[in-house]
Amino acid sequence: MTVIENQRFDEERALYGKKNLTVKHCQFDGPADGESAFKECENIKVEDTFLNLRYPFWHDHSLQICNAQITEKCRAALWYSDHIVIKDSQMHGIKALRECDDVIIENCDIQSPEFGWMTKNIMMKDTKAVSEYFMMRAQNLRFLNRD
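Under the numbering used here, the first residue of the sequence shown carries the number 90, and numbering increases by one thereafter.
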(Lines of atoms letter the chains of each structure in order from A; the text may use other names.)
(Lines give C-alpha, C1' and ligand atoms only; values in the text may rest on other atoms or scores of the structure.)
Protein backbone atom coordinates (compact mmCIF):
# COMPACT_ATOMS: atom_id res chain seq x y z
CA MET A 90 0.00 0.00 0.00
CA THR A 91 1.33 3.44 -0.95
CA VAL A 92 1.51 6.00 1.89
CA ILE A 93 1.23 9.77 1.45
CA GLU A 94 2.01 11.86 4.54
CA ASN A 95 2.11 15.53 5.49
CA GLN A 96 1.08 16.85 2.07
CA ARG A 97 -1.27 19.64 0.99
CA PHE A 98 -3.53 19.23 -2.03
CA ASP A 99 -5.73 21.88 -3.61
CA GLU A 100 -5.91 20.88 -7.26
CA GLU A 101 -8.83 19.26 -9.09
CA ARG A 102 -9.03 15.45 -8.67
CA ALA A 103 -5.72 15.36 -6.79
CA LEU A 104 -5.73 11.58 -6.21
CA TYR A 105 -8.24 10.52 -8.85
CA GLY A 106 -8.54 6.78 -9.45
CA LYS A 107 -5.90 5.76 -6.91
CA LYS A 108 -5.96 2.29 -5.39
CA ASN A 109 -4.41 0.83 -2.24
CA LEU A 110 -3.50 4.18 -0.73
CA THR A 111 -3.06 5.50 2.83
CA VAL A 112 -3.22 9.27 3.35
CA LYS A 113 -2.03 10.58 6.75
CA HIS A 114 -1.77 14.06 8.23
CA CYS A 115 -2.70 15.77 4.96
CA GLN A 116 -4.74 18.84 4.05
CA PHE A 117 -7.15 19.20 1.15
CA ASP A 118 -7.44 22.97 1.02
CA GLY A 119 -5.96 25.92 -0.81
CA PRO A 120 -6.24 28.59 -3.49
CA ALA A 121 -6.79 26.27 -6.49
CA ASP A 122 -10.06 25.22 -4.76
CA GLY A 123 -10.13 21.86 -6.59
CA GLU A 124 -12.93 19.29 -6.32
CA SER A 125 -13.24 15.50 -6.20
CA ALA A 126 -9.89 14.68 -4.58
CA PHE A 127 -10.54 10.93 -4.24
CA LYS A 128 -13.03 10.34 -7.06
CA GLU A 129 -13.31 6.74 -8.31
CA CYS A 130 -10.74 5.36 -5.86
CA GLU A 131 -10.52 1.93 -4.22
CA ASN A 132 -9.08 0.63 -0.94
CA ILE A 133 -8.30 4.05 0.55
CA LYS A 134 -7.40 4.89 4.17
CA VAL A 135 -7.53 8.52 5.30
CA GLU A 136 -6.18 9.33 8.78
CA ASP A 137 -5.75 12.59 10.70
CA THR A 138 -6.65 14.67 7.65
CA PHE A 139 -8.32 18.07 7.07
CA LEU A 140 -10.83 18.24 4.19
CA ASN A 141 -12.03 21.70 3.16
CA LEU A 142 -12.77 21.21 -0.57
CA ARG A 143 -15.97 19.99 -2.26
CA TYR A 144 -16.94 16.43 -3.24
CA PRO A 145 -13.85 14.56 -1.96
CA PHE A 146 -15.18 10.98 -1.93
CA TRP A 147 -17.40 10.13 -4.92
CA HIS A 148 -17.77 6.70 -6.51
CA ASP A 149 -15.26 5.10 -4.11
CA HIS A 150 -15.06 1.48 -2.96
CA SER A 151 -13.57 0.31 0.35
CA LEU A 152 -12.90 3.54 2.20
CA GLN A 153 -11.70 4.05 5.79
CA ILE A 154 -11.73 7.51 7.33
CA CYS A 155 -10.35 8.04 10.84
CA ASN A 156 -9.90 11.25 12.80
CA ALA A 157 -10.77 13.49 9.85
CA GLN A 158 -12.12 17.01 9.91
CA ILE A 159 -14.67 17.48 7.13
CA THR A 160 -15.58 21.17 7.27
CA GLU A 161 -18.73 23.13 6.41
CA LYS A 162 -17.08 24.14 3.14
CA CYS A 163 -16.58 20.47 2.22
CA ARG A 164 -20.05 19.92 0.79
CA ALA A 165 -21.35 16.59 -0.53
CA ALA A 166 -18.36 14.73 0.90
CA LEU A 167 -19.34 11.06 0.37
CA TRP A 168 -21.64 10.14 -2.51
CA TYR A 169 -22.24 6.97 -4.52
CA SER A 170 -19.66 4.96 -2.55
CA ASP A 171 -19.68 1.65 -0.66
CA HIS A 172 -17.92 -0.35 2.04
CA ILE A 173 -17.10 2.68 4.17
CA VAL A 174 -15.93 2.99 7.79
CA ILE A 175 -15.81 6.46 9.37
CA LYS A 176 -14.50 6.79 12.94
CA ASP A 177 -13.65 9.62 15.32
CA SER A 178 -14.37 12.26 12.69
CA GLN A 179 -16.21 15.54 12.24
CA MET A 180 -18.61 15.77 9.28
CA HIS A 181 -19.92 19.32 9.00
CA GLY A 182 -20.63 19.89 5.30
CA ILE A 183 -24.12 19.88 3.81
CA LYS A 184 -25.26 16.58 2.25
CA ALA A 185 -22.20 14.79 3.67
CA LEU A 186 -23.47 11.27 2.92
CA ARG A 187 -25.77 10.31 0.04
CA GLU A 188 -26.59 7.17 -1.95
CA CYS A 189 -23.91 5.10 -0.20
CA ASP A 190 -24.11 1.43 0.84
CA ASP A 191 -22.54 -0.54 3.70
CA VAL A 192 -21.40 2.30 5.95
CA ILE A 193 -20.23 2.18 9.57
CA ILE A 194 -20.07 5.51 11.40
CA GLU A 195 -18.62 5.44 14.90
CA ASN A 196 -17.86 8.16 17.44
CA CYS A 197 -18.45 11.02 15.00
CA ASP A 198 -19.85 14.54 15.20
CA ILE A 199 -22.24 15.19 12.31
CA GLN A 200 -23.70 18.62 11.53
CA SER A 201 -24.96 18.16 8.00
CA PRO A 202 -28.31 19.18 6.52
CA GLU A 203 -29.81 16.45 4.34
CA PHE A 204 -27.46 13.80 5.73
CA GLY A 205 -27.80 10.17 4.66
CA TRP A 206 -30.38 10.46 1.89
CA MET A 207 -31.05 7.29 -0.09
CA THR A 208 -28.34 5.34 1.73
CA LYS A 209 -28.64 1.70 2.74
CA ASN A 210 -27.09 -0.66 5.25
CA ILE A 211 -25.91 2.01 7.67
CA MET A 212 -24.69 1.35 11.22
CA MET A 213 -24.16 4.41 13.41
CA LYS A 214 -22.70 4.06 16.90
CA ASP A 215 -21.82 6.60 19.62
CA THR A 216 -22.43 9.48 17.23
CA LYS A 217 -24.09 12.88 17.53
CA ALA A 218 -26.03 13.93 14.44
CA VAL A 219 -27.75 17.24 13.73
CA SER A 220 -29.50 17.32 10.36
CA GLU A 221 -32.68 18.39 8.63
CA TYR A 222 -34.41 15.53 6.81
CA PHE A 223 -31.95 13.07 8.38
CA MET A 224 -31.68 9.73 6.51
CA MET A 225 -34.56 10.47 4.14
CA ARG A 226 -35.43 7.41 2.02
CA ALA A 227 -32.64 5.41 3.68
CA GLN A 228 -32.97 1.64 4.20
CA ASN A 229 -31.70 -0.87 6.74
CA LEU A 230 -30.49 1.51 9.43
CA ARG A 231 -29.07 0.56 12.82
CA PHE A 232 -28.34 3.10 15.56
CA LEU A 233 -26.54 2.54 18.88
CA ASN A 234 -26.21 5.52 21.26
CA ARG A 235 -27.02 8.21 18.69
CA ASP A 236 -27.79 11.74 19.93
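Any given hint could be a false lead.
Stated by the list, open to error - Pairwise CB distance ranges, derived in the manner of DEER restraints:
#1 Phe232 with Asp99: 33 to 41 Å
#2 Met225 with His150: 20 to 28 Å
#3 Met207 with Glu161: 20 to 28 Å
In short, the hints are calculated from the structure, not lab data.
Note that CB positions come from ideal geometry on N, CA and C, so glycine has one too.
Okay, the hints, checked on the actual structure:
no.	hint	result
1	Phe232 with Asp99: 33 to 41 Å	36 Å, holds
2	Met225 with His150: 20 to 28 Å	24 Å, holds
3	Met207 with Glu161: 20 to 28 Å	22 Å, holds
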